[in-house]
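Modelling step: build the complete structure from the supplied sequences, incorporating the hints.
One rule links them: number in the working numbering = place in the sequence shown (from 1) + 178.
Honestly, the hints are just simulated from the structure, not real lab data.
Hints should not be assumed to be uniformly reliable.
Straight-line distance between alpha carbons at most 27 Å, and here's what the computed DSSO-like set of lysine-lysine pairs gives [unchecked claim]: (1) K256 with K234; (2) K279 with K256; (3) K195 with K234; (4) K279 with K234.
Now the in silico label distances, taken between C-beta atoms and shown as ranges [claimed, not checked]: (5) T203 with R286: 36 to 44 Å; (6) N181 with I275: 18 to 26 Å; (7) G185 with Q240: 15 to 23 Å; (8) I183 with E227: 16 to 24 Å; (9) D199 with G228: 29 to 37 Å; (10) E189 with K279: 15 to 23 Å; (11) A204 with Q268: 17 to 25 Å; (12) V283 with G228: 12 to 20 Å; (13) T203 with T248: 31 to 39 Å; (14) L198 with N288: 36 to 44 Å.
Beta carbons are placed, not taken as given, at the ideal position from N, Cα and C, and that holds for glycine.
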Amino acid sequence: MQNLIPGDILEVNQKLKWELDAGMTADESSVINEAVLAGTQYFVDEALEGSYWTVKWAADGQTIELYGTTGTVVGRIKPLSATLENDFRQDSQGLFIRIEKEVAVIVRDN
179 MQNLIPGDIL EVNQKLKWEL DAGMTADESS VINEAVLAGT QYFVDEALEG
229 SYWTVKWAAD GQTIELYGTT GTVVGRIKPL SATLENDFRQ DSQGLFIRIE
279 KEVAVIVRDN
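Written as structure tokens, this is what we have:
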């Protein structure tokens, strides 16, 4: 369960329960944000066929930045609504499909 990347709100709630039962500090928002970040890292690793780039939340807490091998930002994933968390809540599968497509473009262009 620890390595599960929740793909929908049901899985978010399952992981949240597991984290709380394990004595971790978590809430639904933190689990969603971790899922979006981990999902983005997964798509980056798949596109590059390895762990060469890193993804991190930008300072605004709403955008995910992709860092290339030199440590510079090579791309950004921005929300369609106010936050990526809201995008997940509205359509988690659609969000992950969009992130996968955007990552593919960023990798191709860099």
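Checklist entry - Should the hint that L198 and N288 are 36 to 44 Å apart at their CB atoms be regarded as holding? => result 39 Å, holds
Next on the checklist: Taking 15 to 23 Å as the stated bounds, is the beta-carbon spacing between E189 and K279 within them?
Outcome noted: Hint holds: Cβ distance 22 Å, inside 15 to 23 Å.
Checklist entry - Could one say that the CB atoms of D199 and G228 fall in the range 29 to 37 Å? => result 34 Å, holds
Item to check | Beta-carbon spacing of T203 to T248 - inside the hinted bounds 31 to 39 Å or not | outcome: Holds, at about 34 Å.
Next on the checklist: Quick check: does the Cβ-Cβ distance between G185 and Q240 fall within 15 to 23 Å?
Outcome noted: 21 Å, holds
Next on the checklist: Between the beta carbons of T203 and R286, is the distance compatible with 36 to 44 Å?
Outcome noted: Holds - the Cβ-Cβ distance for T203 and R286, about 39 Å, lies within 36 to 44 Å.
Item to check | Satisfaction of the hinted span 16 to 24 Å by the C-beta atoms belonging to I183 and E227 | outcome: Holds - the Cβ-Cβ distance for I183 and E227, about 19 Å, lies within 16 to 24 Å.
Checklist entry - Is the straight-line distance between the alpha-carbon of K195 and that of K234 27 Å or less? => result Between K195 and K234 the Cα gap is close to 25 Å, so the pair holds against 27 Å.
Next on the checklist: Given a hint of 12 to 20 Å, does the C-beta separation of V283 and G228 actually sit inside it?
Outcome noted: 19 Å, holds
Next on the checklist: For K279 and K256, compute the direct alpha-carbon distance and say whether it is at most 27 Å.
Outcome noted: 13 Å, holds
Checklist entry - Has the hinted range 18 to 26 Å been met by the Cβ atoms of N181 and I275? => result Holds, at about 22 Å.
Item to check | Pair hint outcome, K256 versus K234 [Cα-Cα no greater than 27 Å] | outcome: 12 Å, holds
Every hint, counting from the list given before, is met by this structure.
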